[in-house]
Amino acid sequence: MTSLFKGLLVPICTYVILAVSLNLTVGILGELSLGHAGFMCVGAFSGAFFTKAMADAIPSVNVRFGIALLVGAAVAALFGFLIGIPVLRLKGDYLAIVTLAFGEIIKNLINVFYVGKDANGFHFSMKDVASLNMGPEGEVIIKGAQGITGTPKASNFTIGILLVLLTLIIVLNLIHSRTGRAIMAIRDNRIAAESVGIHITKYKLLAFSISASLAGVAGVLYAHNLSSLAATPKNFGYNMSIMILVFVVLGGIGNIRGSMIAAVLLTALPELLRGLNNYRMLIYAIVLIVMMLFNSAPKAIEMRERLFDHMKKKNRKEAA
Amino acid sequence: MAMLEVKNLSISFGGLKAVNDFQITIEKGQLYGLIGPNGAGKTTVFNLLTGVYQPDTGSILLDGVNITGKKTIDINQTGIARTFQNIRLFKELSVLDNVKAGLHNHHPYSTLEGILRLPRYFKVEKEMDQRALDLLKVFDLDKEADYTASNLPYGKQRKLEIARALATKPKLLLLDEPAAGMNPNETKELMDTIRFVRDNFDMTILLIEHDMKLVSGICERLTVLNFGQVLTQGETADVLNDPQVITAYLGE
Numbered sequence: 001m002t003s004l005f006k007g008l009l010v011p012i013c014t015y016v017i018l019a020v021s022l023n024l025t026v027g028i029l030g031e032l033s034l035g036h037a038g039f040m041c042v043g044a045f046s047g048a049f050f051t052k053a054m055a056d057a058i059p060s061v062n063v064r065f066g067i068a069l070l071v072g073a074a075v076a077a078l079f080g081f082l083i084g085i086p087v088l089r090l091k092g093d094y095l096a097i098v099t100l101a102f103g104e105i106i107k108n109l110i111n112v113f114y115v116g117k118d119a120n121g122f123h124f125s126m127k128d129v130a131s132l133n134m135g136p137e138g139e140v141i142i143k144g145a146q147g148i149t150g151t152p153k154a155s156n157f158t159i160g161i162l163l164v165l166l167t168l169i170i171v172l173n174l175i176h177s178r179t180g181r182a183i184m185a186i187r188d189n190r191i192a193a194e195s196v197g198i199h200i201t202k203y204k205l206l207a208f209s210i211s212a213s214l215a216g217v218a219g220v221l222y223a224h225n226l227s228s229l230a231a232t233p234k235n236f237g238y239n240m241s242i243m244i245l246v247f248v249v250l251g252g253i254g255n256i257r258g259s260m261i262a263a264v265l266l267t268a269l270p271e272l273l274r275g276l277n278n279y280r281m282l283i284y285a286i287v288l289i290v291m292m293l294f295n296s297a298p299k300a301i302e303m304r305e306r307l308f309d310h311m312k313k314k315n316r317k318e319a320a
Numbered sequence: 321m322a323m324l325e326v327k328n329l330s331i332s333f334g335g336l337k338a339v340n341d342f343q344i345t346i347e348k349g350q351l352y353g354l355i356g357p358n359g360a361g362k363t364t365v366f367n368l369l370t371g372v373y374q375p376d377t378g379s380i381l382l383d384g385v386n387i388t389g390k391k392t393i394d395i396n397q398t399g400i401a402r403t404f405q406n407i408r409l410f411k412e413l414s415v416l417d418n419v420k421a422g423l424h425n426h427h428p429y430s431t432l433e434g435i436l437r438l439p440r441y442f443k444v445e446k447e448m449d450q451r452a453l454d455l456l457k458v459f460d461l462d463k464e465a466d467y468t469a470s471n472l473p474y475g476k477q478r479k480l481e482i483a484r485a486l487a488t489k490p491k492l493l494l495l496d497e498p499a500a501g502m503n504p505n506e507t508k509e510l511m512d513t514i515r516f517v518r519d520n521f522d523m524t525i526l527l528i529e530h531d532m533k534l535v536s537g538i539c540e541r542l543t544v545l546n547f548g549q550v551l552t553q554g555e556t557a558d559v560l561n562d563p564q565v566i567t568a569y570l571g572e
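Quick mapping for you: the protein sequence lines, in order, are chains W and F.
Here this note's numbering is used: the first sequence runs in plain steps of one and ends on residue 320.
Here this note's numbering is used: the second sequence runs in plain steps of one and ends on residue 572.
Treat the hints as calculated values from the structure; they're not laboratory data.
Model, not experiment: these values are computed from the prediction.
A virtual CB, placed ideally from N, CA and C, is assigned to each residue, including glycine.
Now the in silico label distances, taken between C-beta atoms and shown as ranges:
| no. | chain 1 | residue 1 | chain 2 | residue 2 | range |
| --- | --- | --- | --- | --- | --- |
| 1 | W | ILE169 | F | LEU453 | 21 to 29 Å |
| 2 | F | ASN471 | W | ILE242 | 31 to 39 Å |
| 3 | F | GLN374 | W | PRO86 | 19 to 27 Å |
| 4 | F | TYR474 | W | ARG306 | 27 to 35 Å |
| 5 | W | PHE81 | F | LYS533 | 49 to 57 Å |
| 6 | W | ASP56 | F | LEU438 | 37 to 45 Å |
| 7 | F | SER430 | W | LEU168 | 18 to 26 Å |
All chains, full assembly: derive it from the sequences and hints.
What follows is the structure, encoded as structure tokens:
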């Protein structure tokens, strides 16, 4: 395996988790979120902050990383919950607008955020390092636009895969439970769901918070794969949110397996095609279109079903 | 005590008095019909009874409990379930899951128990499957349990909606044009099913219908609504021969 591909393994896990978690909001709950990168950002920074701040208290990197995952998930879930309270009560596409704004605001907010730690405890500022008023031995943890530097590189492929599995267990078990049925009932017909006694806001909030918290987990994984973490338009911006949405839409809305395949393919592809230079984006675009057709064109679906039937028959013959 | 007792119920939308001084009393176990011309306010009455709209004036008592101004969910839990004029199924869910969604409040387990697949999850899901299949059998839908709801033929979609409503264990069942779009054979079958539901589930039923064969065939009492007001109410045969009703709705 080339080192290039090795370097891609953790990002692929990150994007798979993001795609699956966004599919919970878009495909299962039926609400559009355009700020998934924002939840990832919140998770990444709170997780990285935790590992840095607790460096003295908890010496083991892996234990700190484990707790950081929980912290990232909890903080992202909290933000999801707070955004959901007013917005998920409304009918229509308000969630898309608000999450879009949230993603941009959180990124800019973190860029002017300074946090330091000295003997007296934590210091916050929105201006610069000097206004933190720390003692001489104080250490800056979040340094405005430069973000958090010196995060331990605790992420690896094994942890990534474990987190992907955990995400899948949570999301799939949720879908196939009483709660998942209620969430999908709301998606399919809100008025009918209400008429059979399903609490609309409660289940919408629940689904959205779980989706946000899983994005937070992906963020923590992402943050611990880099030595320095800064909120730039490239990693936590609008484009990233759209990118995650592209995974979901191309893999099939509501299709968990599909969004995983799309996330893997579309993350690996640009890197694998790097040798082709200028033709890279061209091939990328063609793959996008082919996947779209394969997933949703009626003729393609028909062909796929025929193929599956054929394979099933063949298997049965072999079995007999 | 009457199962449903409604007094002075009114609601206006802007300048339009959609329902004006509506009253109705339905005894337990009765099969009651609500008829009237298009736009008379029949579905609005259903929406008032189920808390979709809040009435301007009036009171609604269900089995002695005041449910006026309560939310749809609470009213469902107190005991009113309904079907819709334009079918509202959970289209992408299976037929079985549609009924299981109706069982939501009667077979609870927590979200965490569901995600962790604790023993209670398997136990309660098994109960739900059994109960849902029993209900589907009543409507002859058990063979289609695994179908996606939107793939059912029209008549069966209507039946599934009734099955889903019954799953919430109501005291009063509201059916909004159950026979709309059905052929005479399907309508006849539906009449038998409605009677069966009333007898075997010990149900009180209020239905809106335009099909006079169905109305005269199964309803014991009728209320005629015209321009949001009660034109007349009473025994089915008397109401259908009332000259006022003939001019306003039935025609000579």
